[in-house]
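> Sequence:
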Amino acid sequence: MNSLTDSTNENIGDEPTLDTSVAETATFQGDTGALPIDTRRVLVQLLLGPSVDARRQSKLWPVLLRDEAVIRSRMHDLFLEVVIDHEQRVAFTRQVVSEGIEVPILLRKASLAFLDTALLLFLRQRLTQADAQGERAVVSRDDMQEHLSVFERVSNLDHAKFERQIVNAIDKAKKLSLLQFIRGSGERYEVSPTLKLLFSAEEIQDLTRTYAALASSHHKMNADDSNTTDDDTSANNAENEEDSL
Numbered sequence: 003m004n005s006l007t008d009s010t011n012e013n014i015g016d017e018p019t020l021d022t023s024v025a026e027t028a029t030f031q032g033d034t035g036a037l038p039i040d041t042r043r044v045l046v047q048l049l050l051g052p053s054v055d056a057r058r059q060s061k062l063w064p065v066l067l068r069d070e071a072v073i074r075s076r077m078h079d080l081f082l083e084v085v086i087d088h089e090q091r092v093a094f095t096r097q098v099v100s101e102g103i104e105v106p107i108l109l110r111k112a113s114l115a116f117l118d119t120a121l122l123l124f125l126r127q128r129l130t131q132a133d134a135q136g137e138r139a140v141v142s143r144d145d146m147q148e149h150l151s152v153f154e155r156v157s158n159l160d161h162a163k164f165e166r167q168i169v170n171a172i173d174k175a176k177k178l179s180l181l182q183f184i185r186g187s188g189e190r191y192e193v194s195p196t197l198k199l200l201f202s203a204e205e206i207q208d209l210t211r212t213y214a215a216l217a218s219s220h221h222k223m224n225a226d227d228s229n230t231t232d233d234d235t236s237a238n239n240a241e242n243e244e245d246s247l
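Take the sequence shown: its position 103, counted from the start at 1, is 105 in the numbering used here, and no numbers get skipped.
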């Protein structure tokens, strides 16, 4: 994204410093930390993830912008980099990639099942549509269940298991804070703009083609299964008629 910023401090040799006028005293006995408490809260939120969102963490966002240089420096100490999207007003951390050294991995990657990815792609598309209309991206649980249901085959004998997989996919999106529950709206959620940073435009196109092809193949297989069932029923009826003659 053009709005994605990954700037570095121009004075490479200088340690980023804080305005001492905003520094607070020690917060607990034996505290040797030099950062203000609000800056520490930003660091903790970035480490907890998945993001710092200006709308959800309105007090942390201005602190992030104010102390961006020192926050980047502290994250670099942990082999992490901070990605800030000023347009969407969200920020998150990702693992540093270096060819020169073996970087210890701090961030755990969440494994995604087939339906997990299908749901995230659907939510990402909703974000694109909402942006074009200048609206918030809002989806209902029914919307998500209906979208994912196209991937179930008619021949599936364990419908309850498939339903649980759909519920698990939605729950995982909620756990990753990619879906924010809207109070008083029933089962409706707002899609987090952070999702835009997780899929590039090229990845969206590739995934869309892949899942569209898979959905199409499921429809074809379902139709074939239905035709086979109809043929079997007709054959059985014909046999019964012959037996009765």
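The hints are simulated quantities; they were obtained by calculation from the structure and are not laboratory data. Please note that a few of the clues may not be correct.
[Claimed, not checked] Derived CB-CB ranges, DEER-like: (1) Val156 to Pro106: 46 to 54 Å; (2) Gly136 to Leu49: 29 to 37 Å; (3) Phe30 to His161: 40 to 48 Å; (4) Gln131 to Arg57: 38 to 46 Å; (5) Ser75 to Val152: 45 to 53 Å; (6) Arg96 to Leu67: 12 to 20 Å; (7) Gly188 to Thr29: 20 to 28 Å.
All of these numbers come straight from a predicted model, not from anything done at the bench. Ideal placement from N, C-alpha and C gives every residue a C-beta, glycine not left out.
> To test your reading of the hints: which numbers does this structure violate?
3, 4, 7
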